[in-house]
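> Sequence:
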Amino acid sequence: MSQEPPQLITIDDRDPQLKYTGSWTDAGTSANYQSTTSESQRSGSTVRFTFNGTFVAVYGTLGSTASDATYQLDSNPPINATFPAPSYPLNNVPFWSSDIVSPGGHTLTI
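Take 1 as the starting number for the sequence shown in our numbering and just add one per residue.
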């Protein structure tokens, strides 16, 4: 029995698989994937993504202010990522990625 090759699946920030809590703003330009982006400037706002797989990565947009977020995959220790404010907006910035994890269901909380 042969295994299927791994698949890379891109999920837009408007996908219903993403569960937002707290205060989030919808934004976006044609430079963003699907012309959308979501942002929060409120501490305690979260987005949760439950998926089946072995890897997850988060890409996004850096606007005119610094960015700070915490990423937690399953019950692993949270990882904080901070980006200084760029001199101009940057799109498709790699914010965070997981190590390879065991196949199955996982939850990423940002």
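Read the hints as simulated data drawn from the structure, not as lab findings. Computed from a predicted model, the values in this text were never measured in an experiment. Glycine is no exception: its CB is placed at the ideal position from the N, C-alpha and C atoms. There may be inaccurate statements among the hints.
[Claimed, not checked] What follows is a list of derived Cβ distance ranges for each label pair:
1) VAL93 to SER23: 29 to 35 Å
2) ALA31 to PHE55: 32 to 38 Å
3) SER102 to SER23: 32 to 38 Å
4) ALA31 to ASN52: 26 to 32 Å
> None of the hints should be skipped; say for each whether it holds.
Okay, the hints, checked on the actual structure:
no., hint, result
1, VAL93 to SER23: 29 to 35 Å, "violated (22 Å)"
2, ALA31 to PHE55: 32 to 38 Å, "violated (25 Å)"
3, SER102 to SER23: 32 to 38 Å, "holds (34 Å)"
4, ALA31 to ASN52: 26 to 32 Å, "holds (30 Å)"
Figure legend: structure checked against the earlier numbered hints; hints not met, in rising order: 1 and 2.
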